[in-house]
Amino acid sequence: MEREKVITTNKLTKKFGDFIATNEISFDVYKGEIFGFLGANGAGKTTAMRMLCGLSIPSSGEAKIAGYDVYKETEKIKQNIGYMSQKFSLYEDLTVLENIRFFGGVYGLSNKALKSKIEELIDTLGMASEAKKLVGSLPLGWKQKLAFSVAIIHDPKIVFLDEPTGGVDPVTRRQFWDLIYKASSEGITVFVTTHYMDEAEYCHRISMMVDGEMKALDTPANLKKQFNAGSMDDVFFELARGAKRKAD
Amino acid sequence: MVEVSLQNIGKTYEDGAVTALNDVSFSVNKGELFGLIGPDGAGKTSLFRILTTLLIPNGGTATVFGCDVVNDYKTIRKHLGYMPGKFSLYQDLTVEENLSFFAMVFGTTIQENYELIKDIYVQLEPFKNRRAGKLSGGMKQKLALCCALIHKPKVLLLDEPTTGVDAVSRKEFWEMLKRLKEQEITILVSTPYMDEATLCERIALIQEGHILSIDTPNNIIQHYPKALFAIKSDDMIALLDDLRKSDLIDSCFAFGDYHHVSFKESNIEGMKEQITSDLQETHSGLEVKRITPSIEDCFINLMN
Chain A
0 MEREKVITTN
10 KLTKKFGDFI
20 ATNEISFDVY
30 KGEIFGFLGA
40 NGAGKTTAMR
50 MLCGLSIPSS
60 GEAKIAGYDV
70 YKETEKIKQN
80 IGYMSQKFSL
90 YEDLTVLENI
100 RFFGGVYGLS
110 NKALKSKIEE
120 LIDTLGMASE
130 AKKLVGSLPL
140 GWKQKLAFSV
150 AIIHDPKIVF
160 LDEPTGGVDP
170 VTRRQFWDLI
180 YKASSEGITV
190 FVTTHYMDEA
200 EYCHRISMMV
210 DGEMKALDTP
220 ANLKKQFNAG
230 SMDDVFFELA
240 RGAKRKAD
Chain B
0 MVEVSLQNIG
10 KTYEDGAVTA
20 LNDVSFSVNK
30 GELFGLIGPD
40 GAGKTSLFRI
50 LTTLLIPNGG
60 TATVFGCDVV
70 NDYKTIRKHL
80 GYMPGKFSLY
90 QDLTVEENLS
100 FFAMVFGTTI
110 QENYELIKDI
120 YVQLEPFKNR
130 RAGKLSGGMK
140 QKLALCCALI
150 HKPKVLLLDE
160 PTTGVDAVSR
170 KEFWEMLKRL
180 KEQEITILVS
190 TPYMDEATLC
200 ERIALIQEGH
210 ILSIDTPNNI
220 IQHYPKALFA
230 IKSDDMIALL
240 DDLRKSDLID
250 SCFAFGDYHH
260 VSFKESNIEG
270 MKEQITSDLQ
280 ETHSGLEVKR
290 ITPSIEDCFI
300 NLMN
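Heads up: the protein sequence lines correspond to chains A and B, in order.
The opening position of the first sequence corresponds to residue 0 in numbering that gives the first Met the number 0, with each subsequent residue numbered one higher.
The opening position of the second sequence corresponds to residue 0 in numbering that gives the first Met the number 0, with each subsequent residue numbered one higher.
Hints in this document: simulated from the structure, not taken from any laboratory.
The C-beta atom is built at its ideal place from N, Cα and C for all residues, glycine as well.
Check each hint, because a few of them may be wrong.
Heads up, simulated SDA-like pairs for lysine to any residue below, C-alpha to C-alpha not over 20 Å straight-line [as the list claims (entries may be wrong)]: (1) B:Lys231 with B:Gly284; (2) A:Lys132 with B:Val17; (3) A:Lys181 with B:Asp256; (4) A:Lys243 with B:Lys170; (5) B:Lys170 with A:Ala228; (6) A:Lys223 with B:Asp233; (7) A:Lys243 with B:Asp256; (8) B:Lys231 with B:Asp277; (9) A:Lys30 with B:Asp234; (10) B:Lys117 with B:Lys139; (11) B:Lys231 with A:Asp232; (12) B:Lys151 with B:Leu211; (13) A:Lys111 with A:Ala130; (14) A:Lys131 with A:Leu120; (15) A:Lys181 with B:Val17; (16) B:Lys225 with B:Tyr257; (17) B:Lys244 with A:Asp177; (18) A:Lys214 with A:Lys224.
The calculated label-pair distances, taken between Cβ atoms and stated as ranges, are [stated by the list, open to error]: (19) B:Gly132 with A:Lys10: 27 to 37 Å; (20) B:Ser283 with A:Glu1: 20 to 30 Å; (21) A:Val105 with B:Met302: 29 to 39 Å; (22) A:Glu185 with B:Asn303: 26 to 36 Å; (23) A:Val105 with B:Glu280: 42 to 52 Å; (24) B:Ser276 with A:Asn227: 30 to 40 Å.
The following block holds chain B by itself, in its conformation from the complex:
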């Protein structure tokens, strides 16, 4: 069953001079953990603001649990949880005051839906009398999530919840999302971190207002059009230069401790042999191996 649906959504700013979203269509199924993956300026926040009924699209239609984002905005607001990219709770209210405020606004109490937030809130409880503004980044994020969940929403929209958060806290956050998913809440989450894509059931890759691809992370990886190789040597900077100059190479980019390359010709075994012998003259510690692409490889490929 479709819980969130967008059809040909367009959004421009400044009288059409700036296009934020161009003909965006996709749907999210009930209970699904769906990721919107793309860099800053891709249109992720515009899309979230349309779905949260805070922004009216220039074209197309969008529905959330069957309600139209323009005509039925009041119904949508009652059953939607939204965590904006920017921390938007009351900095000078305490942890507990923020949570009971949001519960009250939605006509409920902390007790009524405590089960839903229990796992997350127990970590905050030692600080429940601390002002929200005095919390650490990771704690603010947990409180914002609790406030977005306190009215037991059907759909949860999380706009870049892990941006600027260190790798350890990011991992914890994704574990929280997995547990929420088990409660049958539909989750749409955006992130600029490509490595988080594989934690979603399905993803949309978005760039400059266009959807590049929508599928399961696995299928997107399967559809990578070329054989991908990882190459390293003792001088990685010189290696990058040499690879870029080589006639054999179709694409080449740095990727952590290896460079990732694809070849122009489809005869990949021959290409691998040729590049190895070309580079061996000038490079020590050379290693060339075939690899499975990551989502970031796919994104780079789709951008070009």
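So that you can see chain A by itself, here it is in the shape it has in the complex:
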């Protein structure tokens, strides 16, 4: 059986004047896949992610996200994806409950659906006694777990995670990955960037961006074989070492 593709791109390109931020990248991502999107600072990851989220119109090339076109159907894309990053996730001066209600509302959940989601979410995260606390008062690890759960509150086809575990302690970082595995097993595609090379190993497939181009794409095991490397760290060095661009 052919696996369902939820992201397809063909020579997707973004130029800013003479500068080619993302240069003809072509790849597919499948339903339920955990897809690692790696690259050095300035490699063009953020630009590519913005196009995939419907936030930036490409200069050329094609892409469909959850079946919707990145030129014409950006609103549809936004309704069918979730997004969280280390920098922006939740409103610190709203409570846990208020944040869930707010994001649920923004994603268009009905009151009834929202009510059962809230119960389910508070229960899974074990946050019953924190529900009425301000998010700003929670430890970073809790915030990130909550932010992830909120990003998938509307059962999106794809969730984009931009360095979700930066600075998080090693135990919570692993609990966060348990949430990623769970979402993946429920059929949500996880598109994730990280600076932790051990986390690259947890992905089904890894892509590596260098100077705006996708220089490698395969399973972690195959990439290590291909580059004759002992770890993903070595693969990263092998590829990123040749990078010419150092911009952010």
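Chain A is fixed; fit chain B onto it per the hints.
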């Protein structure tokens, strides 16, 4: 000789409601490269701000090259180099203007201490007329380091210099620190990346304001209390589940391409055999091997 010393340092915020540092004591020797390793919220920045005399502790005493952080703050400020976690140079001054500004504030010139920053600054020189705000992350970091060094400080405090920086630039940065160490500058550096711990001579592992352990990275690893094994199979997610359900397992967590486990019983050869035969029924490509713990393994163990 002790260059930086903290004794029973405590710091709370919001009238005691939030504890940032709880009874923290350690010392850093002259010329040492000392790492403060811990996640966000562990208290690393509070500790740095106390040592840089920008924050007064609620309890305890701290000295930097023999000067008290509260009473002798003026002396300390003259001989301390500090690179905050957040990029804090003037974004609309050029590279060269920033550097000469900091040199001037400390009553020196770029020429006077050029030797110290030469290795780093040559990489910035092609961009010396570019505004700091227009530099890449790696270049900003190098400029911030030059500005922190331009008055030839005795002690250099670096608060998470490698956070958000890619693996290649991180490696370059640590090589710069090693070269600085040879110039007999005492360096206290913090990082949330556990793999950077082994690049320091001694480290303190810190979590929620408490010091978990202080020693050389090697000794911390030697003191890991249990035998640690790495296990993998063709289905890592199912394997993690199965290991967690097993009665034999004391601790189990994902660790890159393997899962790391320790057993409840001390009869490790027997345990290894038993778990192998238990898992072989359902898992193909099974591999079980004894390994040396990493600092991250030790940190996880100390957290529990």
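These are the hints, each one checked on the structure:
Proximity of B:Lys231 to B:Gly284 is assessed by CA-CA distance (about 8 Å); at most 20 Å being required, the pair is judged to hold. A distance of roughly 14 Å separates the Cα atoms of A:Lys132 and B:Val17; the hinted pair therefore holds under the 20 Å criterion. Of the pairs offered as hints, the one joining A:Lys181 and B:Asp256 holds, with about 19 Å between alpha carbons and a cut-off of 20 Å not exceeded. This hinted pair checks out: A:Lys243 and B:Lys170 have alpha carbons roughly 17 Å apart, not beyond 20 Å.
Proximity of B:Lys170 to A:Ala228 is assessed by CA-CA distance (about 17 Å); at most 20 Å being required, the pair is judged to hold. Our distance criterion of 20 Å between C-alpha atoms is met by A:Lys223 and B:Asp233, whose separation comes to about 16 Å. For the suggested pair A:Lys243 and B:Asp256, the alpha carbons sit about 30 Å apart, so the restraint of at most 20 Å is broken. A threshold of 20 Å between alpha carbons decides the hint, and for B:Lys231 with B:Asp277 the separation of about 14 Å falls inside it, so the pair holds.
Between A:Lys30 and B:Asp234, the direct Cα distance comes to roughly 18 Å. Compliance with the 20 Å bound is thereby established for this hinted pair. Pair hint B:Lys117 plus B:Lys139 holds up; C-alpha atoms about 16 Å apart against a cutoff of 20 Å. Using a Cα cut-off of 20 Å, the hinted pair B:Lys231 and A:Asp232 holds, with the two alpha carbons roughly 19 Å apart. Pair hint B:Lys151 plus B:Leu211 does not hold up; C-alpha atoms about 32 Å apart against a cutoff of 20 Å.
Taking the CA atoms of A:Lys111 and A:Ala130, the gap is near 19 Å; set against the 20 Å cutoff, the hint holds. Using a Cα cut-off of 20 Å, the hinted pair A:Lys131 and A:Leu120 holds, with the two alpha carbons roughly 14 Å apart. With a C-alpha separation of about 33 Å, the suggested pair A:Lys181 and B:Val17 falls outside the 20 Å cut-off, and the hint is violated. For the hint pairing B:Lys225 with B:Tyr257, the CA-to-CA distance comes to about 18 Å; that is within 20 Å, so the pair holds.
Our distance criterion of 20 Å between C-alpha atoms is met by B:Lys244 and A:Asp177, whose separation comes to about 15 Å. Using a Cα cut-off of 20 Å, the hinted pair A:Lys214 and A:Lys224 holds, with the two alpha carbons roughly 15 Å apart. The given range of 27 to 37 Å is respected by B:Gly132 and A:Lys10, whose C-beta atoms sit roughly 33 Å from each other. Range check, B:Ser283 to A:Glu1: about 25 Å between beta-carbon atoms, so the 20 to 30 Å window is met.
Evaluation of the 29 to 39 Å hint for A:Val105 and B:Met302 yields a pass: the beta carbon distance comes to about 35 Å. Range check, A:Glu185 to B:Asn303: Cβ separation about 29 Å, and the 26 to 36 Å hint holds. Taking the beta carbon of each, A:Val105 and B:Glu280 are about 48 Å apart, inside 42 to 52 Å as hinted. Between B:Ser276 and A:Asn227 the CB atoms are about 33 Å apart, so this pair conforms to the stated range of 30 to 40 Å.
Violated hints for the displayed structure, listed by number in ascending order: 7, 12 and 15.
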